[in-house]
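K.L.:
Spelled out, the chains give:
Number of protein chains: 2
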Amino acid sequence: MVYIGIDLGGTNIAVGIVDEKGNILATASTRTMAERPYQDVIKDMAMCALEALKKSGKAVDEVHSIGVGVPGVARAETGVVVFCTNLGWAEVPLREEMQKYINKPVHIDNDATVAGLAESLFGGSAATHSSVFLTLGTGVGGGIVIEGKPWSGYHGIGSEVGHMTLIADGIQCTCGKKGCMERYCSATAIGRMGREAMEKYPDSLIAINCGGNPERVNAKVVFDAAKAGDKAGLQVFHDYVKYLSLGINSIITFFDPQVIVLGGGVSAAGDFLLDAVREAVPKLRLFQALPCAKIELATLGNSAGIIGAAMLGR
Amino acid sequence: MVYIGIDLGGTNIAVGIVDEKGNILATASTRTMAERPYQDVIKDMAMCALEALKKSGKAVDEVHSIGVGVPGVARAETGVVVFCTNLGWAEVPLREEMQKYINKPVHIDNDATVAGLAESLFGGSAATHSSVFLTLGTGVGGGIVIEGKPWSGYHGIGSEVGHMTLIADGIQCTCGKKGCMERYCSATAIGRMGREAMEKYPDSLIAINCGGNPERVNAKVVFDAAKAGDKAGLQVFHDYVKYLSLGINSIITFFDPQVIVLGGGVSAAGDFLLDAVREAVPKLRLFQALPCAKIELATLGNSAGIIGAAMLGR
Numbered sequence: 030m031v032y033i034g035i036d037l038g039g040t041n042i043a044v045g046i047v048d049e050k051g052n053i054l055a056t057a058s059t060r061t062m063a064e065r066p067y068q069d070v071i072k073d074m075a076m077c078a079l080e081a082l083k084k085s086g087k088a089v090d091e092v093h094s095i096g097v098g099v100p101g102v103a104r105a106e107t108g109v110v111v112f113c114t115n116l117g118w119a120e121v122p123l124r125e126e127m128q129k130y131i132n133k134p135v136h137i138d139n140d141a142t143v144a145g146l147a148e149s150l151f152g153g154s155a156a157t158h159s160s161v162f163l164t165l166g167t168g169v170g171g172g173i174v175i176e177g178k179p180w181s182g183y184h185g186i187g188s189e190v191g192h193m194t195l196i197a198d199g200i201q202c203t204c205g206k207k208g209c210m211e212r213y214c215s216a217t218a219i220g221r222m223g224r225e226a227m228e229k230y231p232d233s234l235i236a237i238n239c240g241g242n243p244e245r246v247n248a249k250v251v252f253d254a255a256k257a258g259d260k261a262g263l264q265v266f267h268d269y270v271k272y273l274s275l276g277i278n279s280i281i282t283f284f285d286p287q288v289i290v291l292g293g294g295v296s297a298a299g300d301f302l303l304d305a306v307r308e309a310v311p312k313l314r315l316f317q318a319l320p321c322a323k324i325e326l327a328t329l330g331n332s333a334g335i336i337g338a339a340m341l342g343r
Numbered sequence: 030m031v032y033i034g035i036d037l038g039g040t041n042i043a044v045g046i047v048d049e050k051g052n053i054l055a056t057a058s059t060r061t062m063a064e065r066p067y068q069d070v071i072k073d074m075a076m077c078a079l080e081a082l083k084k085s086g087k088a089v090d091e092v093h094s095i096g097v098g099v100p101g102v103a104r105a106e107t108g109v110v111v112f113c114t115n116l117g118w119a120e121v122p123l124r125e126e127m128q129k130y131i132n133k134p135v136h137i138d139n140d141a142t143v144a145g146l147a148e149s150l151f152g153g154s155a156a157t158h159s160s161v162f163l164t165l166g167t168g169v170g171g172g173i174v175i176e177g178k179p180w181s182g183y184h185g186i187g188s189e190v191g192h193m194t195l196i197a198d199g200i201q202c203t204c205g206k207k208g209c210m211e212r213y214c215s216a217t218a219i220g221r222m223g224r225e226a227m228e229k230y231p232d233s234l235i236a237i238n239c240g241g242n243p244e245r246v247n248a249k250v251v252f253d254a255a256k257a258g259d260k261a262g263l264q265v266f267h268d269y270v271k272y273l274s275l276g277i278n279s280i281i282t283f284f285d286p287q288v289i290v291l292g293g294g295v296s297a298a299g300d301f302l303l304d305a306v307r308e309a310v311p312k313l314r315l316f317q318a319l320p321c322a323k324i325e326l327a328t329l330g331n332s333a334g335i336i337g338a339a340m341l342g343r
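Residue numbers (the numbering used here), protein chains in the order written: chain A, 30 to 343; chain B, 30 to 343.
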């Protein structure tokens, strides 16, 4: 049996045919064009899935189930997408619509949650009791997995790590609150802190490497400067590590998972980031004598979305 | 069958004989005198349990199991108390020691966690899928229950809600970090904010009701002033509700339980507090269109510790 995994994004739809060991046998992708009626988007998802299936040499009879990771909130029991801000979707009957084209069980969950599921099955948190996956990108997403099962909470609105409060009355967030973790722990936050540092240190490597153009300051520019020992770069890096470690500490303090996995664009910094976070987090522990969550890097990259979606039906 | 529930505190040991419906059939208590060797404390716990059992008219043969709620961290598999700061305990073989006197299965968990379990079985969060119990007292404790089972995390250090960060770089906490939720959401925090308000408003009801003595300012004095419409009292009350609601929001954003239960001394304010928190929390939701956790008051009071401990073996 094989599993169809669909990663539904605001820009692209990526589909993979996945075996039960998490290997992607074939892929296909198409543009989302989210401004269309949802029926058209879902039809294209199905066509894309059938194309990938054909490439894999498997038949529809050999498909166990279809899983979809969506950038929003889904209702598992009914297969309805409750809410996807950047697709403009609300109460979309994704399962029902998909089954018009491929009549198999359809499972739906949040995209960060399914990526966390993939990492917990085959990646950075493989074979663990419990894990929290963090996507450190434009925003900060989260995926909680308990004993191999994704946890999105009772109302399906959990694991939104990026909107836990880190500084009450802090920086204004897009969600309406102030001081959300996302405002201090995302790639966007590194860019902001980098621009502030550049203003303060106009001779810094950050300024040189982006030609003094604030628009070119991003997480990579800042971290590269830090790696080279640049004072401004290091200052932003240390602030970032401090905030991220405090956020991770809050997750440990509340939930105490076995492993925390760092993914998303910022995690491309690899050991440079990992080593610093691994040093900072244990110092924040409430019980200094006791062990706490290991921190690992995600290993599946962009494939996590497809693999995790596929595994929803496993 | 009956269950022995033991609430081990820094000052007192309280024991109850509990039936499977959560009724306390008989109780007994004694002083902890924690400065003694742990063997003596545990012997007294056992003697106290036998005394309560006798009062209940039940025989040892009718005891299903013994449960103990401890003010610290326990290792469920081995029955060892890893850590109890205010008892001065570390690596205490509580199960083994207890079974010298009463040879029954012994289950141990954190005191706030077992109180949360009691509320989830018979109290404010009865018959729910998932709940988080908050004790708002001298500090802020937490108890997570998922599908009727207490969750203390993989390393047994979770549900320490009071030490989630609410304001990075905020007020110094006893744990070594700054800006922990406990510093803004405990009864202690209300006292501190009340004293600050009294200095600013020397004519306030807070000042009058405590005779201008800062040492007499506590949560009750401040909330009574707020209930009477006093400006200083209301200011502290509103700040407190804001911080508590932000803390609750972080729990909802991360974990999304079905219910959040407010217990501990501060929750004695009843509907005055509950109504304000119920109004504030939904406004902080990430997904305004979707439901989030209900907020309830604890109903079992101090009995929750005994009942929850007893139910650990159920």
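Hints may be right or wrong, so weigh each one.
Same chains, same names: a pair is fine if it fits in one copy or spans any two.
Claimed, not checked - SDA-like cross-link-like pairs, simulated, lysine to any residue; straight-line CA separation at most 25 Å:
| # | residue 1 | residue 2 |
| --- | --- | --- |
| 1 | K312 | E120 |
| 2 | K256 | T56 |
| 3 | K87 | G258 |
| 4 | K83 | D253 |
| 5 | K133 | Y230 |
| 6 | K312 | C202 |
| 7 | K312 | G117 |
| 8 | K83 | F301 |
| 9 | K271 | G199 |
| 10 | K129 | E64 |
| 11 | K50 | Y272 |
| 12 | K260 | D198 |
| 13 | K312 | Q201 |
| 14 | K260 | E106 |
| 15 | K129 | K207 |
| 16 | K271 | Y230 |
| 17 | K129 | D69 |
| 18 | K323 | V109 |
| 19 | K207 | F316 |
| 20 | K178 | P320 |
| 21 | K83 | K229 |
| 22 | K87 | T203 |
| 23 | K256 | A57 |
| 24 | K256 | A155 |
| 25 | K312 | T61 |
| 26 | K83 | E126 |
| 27 | K178 | R104 |
| 28 | K260 | E91 |
| 29 | K260 | G117 |
| 30 | K207 | P231 |
It should be emphasised that the hints constitute simulated quantities derived from the structure, not laboratory data.
K.L.:
Looking back at the numbered hints, which does the structure fail to meet, lowest number first?
P.N.:
When the structure is compared with the hints, numbers 2, 3, 4, 5, 8, 11, 14, 15, 21, 22, 23, 24, 25, 28, 29, 30 turn out to be violated.
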